[in-house]
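Line order of the protein sequences matches chains C and Y.
Sequential numbering from 1 applies to the first sequence in this note's numbering.
Sequential numbering from 1 applies to the second sequence in this note's numbering.
Think of the hints as simulated: they come from the structure by calculation, not from any bench.
Note that the coordinates shown come from a computational prediction; the quantities given were computed from them, not determined experimentally.
Incorrect hints may have been included.
DEER-style ranges, computed between Cβ atoms [said to hold, decoys possible]: (1) C:Gln41 - Y:Phe46: 12 to 22 Å; (2) C:Arg15 - Y:Gly59: 41 to 51 Å; (3) Y:Gly16 - C:Gly16: 47 to 57 Å; (4) Y:Lys68 - C:Thr9: 34 to 44 Å; (5) Y:Glu39 - C:Ser7: 16 to 26 Å; (6) Y:Glu15 - C:Glu52: 19 to 29 Å; (7) C:Leu114 - Y:Ser28: 20 to 30 Å; (8) Y:Lys42 - C:Asn77: 22 to 32 Å; (9) Y:Gly59 - C:Gln18: 38 to 48 Å; (10) C:Gly40 - Y:Ser28: 23 to 33 Å; (11) Y:Thr10 - C:Ser7: 46 to 56 Å; (12) Y:Gly59 - C:Thr5: 23 to 33 Å; (13) C:Lys13 - Y:Ser40: 15 to 25 Å; (14) Y:Asn18 - C:Gln41: 22 to 32 Å.
If you want a taste of the chain Y side facing chain C, the calculated C-beta under 10 Å gives, among others [what the hints assert, rightly or not]: (15) Ala29; (16) Tyr32; (17) Gln38; (18) Lys56; (19) Lys107.
All C-beta atoms in this analysis are idealised placements derived from N, C-alpha and C, irrespective of residue type, glycine included.
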Amino acid sequence: ETGVTQSPTHLIKTRGQQVTLRCSSQSGHNTVSWYQQALGQGPQFIFQYYREEENGRGNFPPRFSGLQFPNYSSELNVNALELDDSALYLCASSWRVGAYNEQFFGPGTRLTVL
Amino acid sequence: GESVGLHLPTLSVQEGDNSIINCAYSNSASDYFIWYKQESGKGPQFIIDIRSNMDKRQGQRVTVLLNKTVKHLSLQIAATQPGDSAVYFCAENGGSGGGADGLTFGKGTHLIIQP
Chain C
1 ETGVTQSPTH
11 LIKTRGQQVT
21 LRCSSQSGHN
31 TVSWYQQALG
41 QGPQFIFQYY
51 REEENGRGNF
61 PPRFSGLQFP
71 NYSSELNVNA
81 LELDDSALYL
91 CASSWRVGAY
101 NEQFFGPGTR
111 LTVL
Chain Y
1 GESVGLHLPT
11 LSVQEGDNSI
21 INCAYSNSAS
31 DYFIWYKQES
41 GKGPQFIIDI
51 RSNMDKRQGQ
61 RVTVLLNKTV
71 KHLSLQIAAT
81 QPGDSAVYFC
91 AENGGSGGGA
101 DGLTFGKGTH
111 LIIQP
């Protein structure tokens, strides 16, 4: 088990609502990345936060936004939920030194949009 | 980044046999590759990684081979055990050293261990 924790474990929302997911990074890690994993697919990169700023972003619309706090924990916010947003949302933390950074994943939050 | 794909969605092997899971990648800028194992209801678990300046790396019961000429990656698991049953993903960094472009994952191979 990694030291990355996520909350909540499961969440059910309806279309049009907003949701906030939370992640606590592994001790000593300063970088958090978020991924969306649809059923039967590999994770897809949403964005990465480093030093409280968005450091990189995948092909996701602006209604996906995030925050990173001074203790390196992070939030993922999704506005105007759509049915296709139903997925497992994974948080991964890493220590950004050098060119290669092993990412440690949390257990994920299962979001269902009805 | 460009996509990373896997050749087989499901691989069934006998317990005790060796398993080989293959992965093709298309982003020639990628210089860091990782294999992850994901069990049902859990997040991906790091297995082994390899940098582009290497062509082979060994861990405990696992070996990763990298062929940059044909952009191919493989994971070999020796003496498979029931606990090896999971979905295996390869991932590449697209040449983004700091990870700012995130990891690009393939769709995964479901490894099934037959008793």
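Exercise. For which of the previously enumerated hints does the structure constitute a violation, in increasing order of number?
Worked result: Numbers 6, 7, 11, 15 and 18 - these are the hints that the structure violates, sorted from lowest upward.
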